Amino acid sequence: MLTAIVVVAAIAAAIGVCLQLSAARLPDTAGSPVDEVNALLPQTQCAQCGYPGCRPYAQAIIEGSAAIDQCAPGGDATVTALAKLLGLPASTLNPAFGIYKVPSVAVIREADCIGCALCLADCPVDAIVGAHRYTHTVIRSECTGCELCLPPCPVDCIDIVPLKALVNKNAHRNKAA
Amino acid sequence: MTAGNPDWGIRIPPAMKFAEELPLLIAPVPARLLVPLNQAIGFNAAALVQPGESVKKGQPIAASAGNAPGAPVHAPTSGTVAGISIQPVTGRGDARCIEITADGLDERWGGYRSYANPLGLATSQLRDAVAEAGIVGLGGAMFPTRIKLNPGLGVSTLILNGAECEPRINCDDALMCSQPDSILLGAQIMLRILAADECLLAVKEHSTAAEHLQNSINKLNDDRFRLERVPAVYPAGGEAQLIRLLKGIEVPHDGLPWDTGVICQNVATAAALADFFTHAEPLISRIVTISGTGVQRPVNVRARIGTAISELIECAGGYTPAAQRLIMGGPMMGIALPDDALPVTKACNSLFVAGHDELSAQTAAMPCIRCGECATACPVNLTPQLLLQSARAQDFDRLETLALADCIECGCCDYVCPSHIPLTQTFRNAKHTRWDIALEKRRAQLAQQRFAARTARLEQNAQSTDLSDIHKVGQDELSELLRRAGADNQDQDS
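Heads up: the sequence lines are chains Z and C, in that order.
Counting along the first sequence from 1, when you hit position 42 you're at 42 in this note's numbering, and nothing is skipped either side.
Counting along the second sequence from 1, when you hit position 80 you're at 1080 in this note's numbering, and nothing is skipped either side.
Everything labelled a hint here was simulated from the structure, so no lab data went into it.
Treat each hint with caution, since some may be false.
Simulated pairs of lysine to any residue, SDA-like, Cα-Cα distance not exceeding 25 Å [what the hints assert, rightly or not]: (1) C/1441 x Z/85; (2) Z/164 x C/1335; (3) Z/164 x C/1012; (4) C/1441 x Z/91; (5) Z/164 x C/1426; (6) Z/84 x C/1395; (7) Z/101 x C/1431; (8) C/1441 x Z/47; (9) C/1431 x Z/80; (10) C/1441 x Z/26; (11) Z/101 x C/1335; (12) Z/84 x Z/35; (13) C/1441 x Z/161.
These figures come from a predicted structure and were not determined experimentally.
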């Protein structure tokens, strides 16, 4: 009886040591939990969740200081995906952090732009091109539609336009010969 | 020779007469042409002319920039450029179009010359000519022929596709009856460019065009040519399906047809190439089949690119009271058009004006009964019933496994489905959703990278302002100087 217990305990200890060693030595292939959460966020970097960007919000979720229902641009789909990943009960977007809007981009009405360069500093993805006393423009393919450029604009020359209205949906349709 | 009967696809009763019985007309040159500049992969060629400029028939008016996979566009007749604008075009939303007001003279541009014996030219010259002539795949894909004739690897077989599997399209049949010699000359030029060993001419079984082609082949006495009769199965005329039928090779799922050493070209593409050499005429016209009980008398008509569809309907005697829907292409894969003012493009092979009797009654979709008919009919060996499940569940991982991307949207599964489920439409939507998701993902990745780069830059800036010690020293020195200056002033005052 005693022998059996000792043998089983010894095997368990040996396996435990092996697991500990491999966990310490082998590279972490799964990626950090923060990265996993971050991958589900829409990367608009809009800060509507109360954190300065998507990654800081992901960090806060993992640390437990933020709820998963704070991402307005991601909408209910992102909340569901986060709940699934983290094993939390399903919920919907908390309207206190904004409402879901269709993917959009900022468009500068160039005739009205006075070239003040105030919006440049606030763009989280450097998608606005411009310099003092030159008309600014938005690089459409890089804009996330976060709306952070709206408050600093002194002449309100920036519109938020749904992406669907700008993209030709059939552009990638390619019929077989 | 007849290729074997495939175990896929559908046999549709030949509702349409063959070309012998359909007159081939030449459409009159309209007073106003709207020449679309859109290219196969969704971008526009750049205009070479300005509004107000006068152009001659066959003059290049637009070219695609750099390495973009496009082909030049030529003026279909002589006249004046009235304007360049974004206009709705068939199939692809909007495109840039050049509007030409015809002067009625139809004067030829002198920039191209004809050759008595184009086969004597060097292959490099032939290649240049293919690019110059604005030739694209006339089967409906508009893929630039110059690219397809430059596969970068050995090609043994050229297939000339005249199979026209879709019911009610017979513009290629009409061409094979009227211009078999041009088709063969075009094929000889292509064979020379590709250095291929054989050329298979695929013609639908029972088509009378086969006799005309056979006669021309006999006259030519070129043993590289062989006529192949393709069973009247839809979609036997699809590029990959035709290669599989005639050569027994399957185009790999992640590859291109030319990976199999076979290149497929439409017969009209070959004829257009021959016309450029013999008549110095670039691609400015094509044959369009106008059919359906919605028009007075179905015809084949050779129309200039840019002619309004309404003018072609006039060639067919106008609409009948039964006309219900205008479709570009055939009844299986065609696209319903919202308007008949749209211009004819290089891709427009057929206009099908469906009457009441030709439209199936709208039947509500019933549940899938898992009969498996769709899987039998599918020409690319997919399992539409499983795809449907996954598409409804928006399970994109499973759709990937089931090879949704390989669906050619031929509509066979819809045709055989006893429950009238709109399968193809569901798959098309799922493909679009998949593209949207992929696009979203790419945008998110880009935003993430740019945000990280910006954060790093701001940190760096913050660090460099930590050098404010120097600044502070400056401040101290300044106040010291001021103090001393003040002291000096006081000294002077005293």
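Cross-check of the supplied hints:
As the CA atoms of residue 1441 of chain C and residue 85 of chain Z are separated by approximately 18 Å, the hinted pair is consistent with the 25 Å bound. At most 25 Å may separate the alpha-carbon atoms for a hinted pair to count; residue 164 of chain Z and residue 1335 of chain C meet this at roughly 22 Å. Taking the CA atoms of residue 164 of chain Z and residue 1012 of chain C, the gap is near 39 Å; set against the 25 Å cutoff, the hint is violated. A distance of roughly 23 Å separates the Cα atoms of residue 1441 of chain C and residue 91 of chain Z; the hinted pair therefore holds under the 25 Å criterion.
Restraint check for residue 164 of chain Z and residue 1426 of chain C: satisfied, since their Cα atoms lie roughly 20 Å apart, inside the 25 Å limit. The straight-line distance between the Cα atoms of residue 84 of chain Z and residue 1395 of chain C is roughly 15 Å, inside the 25 Å bound, and the hint therefore holds. For the proposed pair residue 101 of chain Z and residue 1431 of chain C, the alpha carbon gap of about 23 Å is at most 25 Å, so the pair holds. The suggested pairing of residue 1441 of chain C with residue 47 of chain Z holds, with an alpha-carbon distance near 19 Å, which does not exceed 25 Å.
A threshold of 25 Å between alpha carbons decides the hint, and for residue 1431 of chain C with residue 80 of chain Z the separation of about 23 Å falls inside it, so the pair holds. Of the supplied pair hints, the one linking residue 1441 of chain C and residue 26 of chain Z is violated, its CA atoms being roughly 30 Å apart against a limit of 25 Å. For the proposed pair residue 101 of chain Z and residue 1335 of chain C, the alpha carbon gap of about 32 Å is over 25 Å, so the pair is violated. Between residue 84 of chain Z and residue 35 of chain Z the alpha-carbon distance is near 15 Å, which keeps this suggested pair within the 25 Å criterion.
Taken as a hint, the residue 1441 of chain C and residue 161 of chain Z pair is honoured in the structure, with Cα atoms around 20 Å apart against an allowance of 25 Å.
Of the hints listed earlier, those the structure fails to meet are numbers 3, 10 and 11, in rising order.
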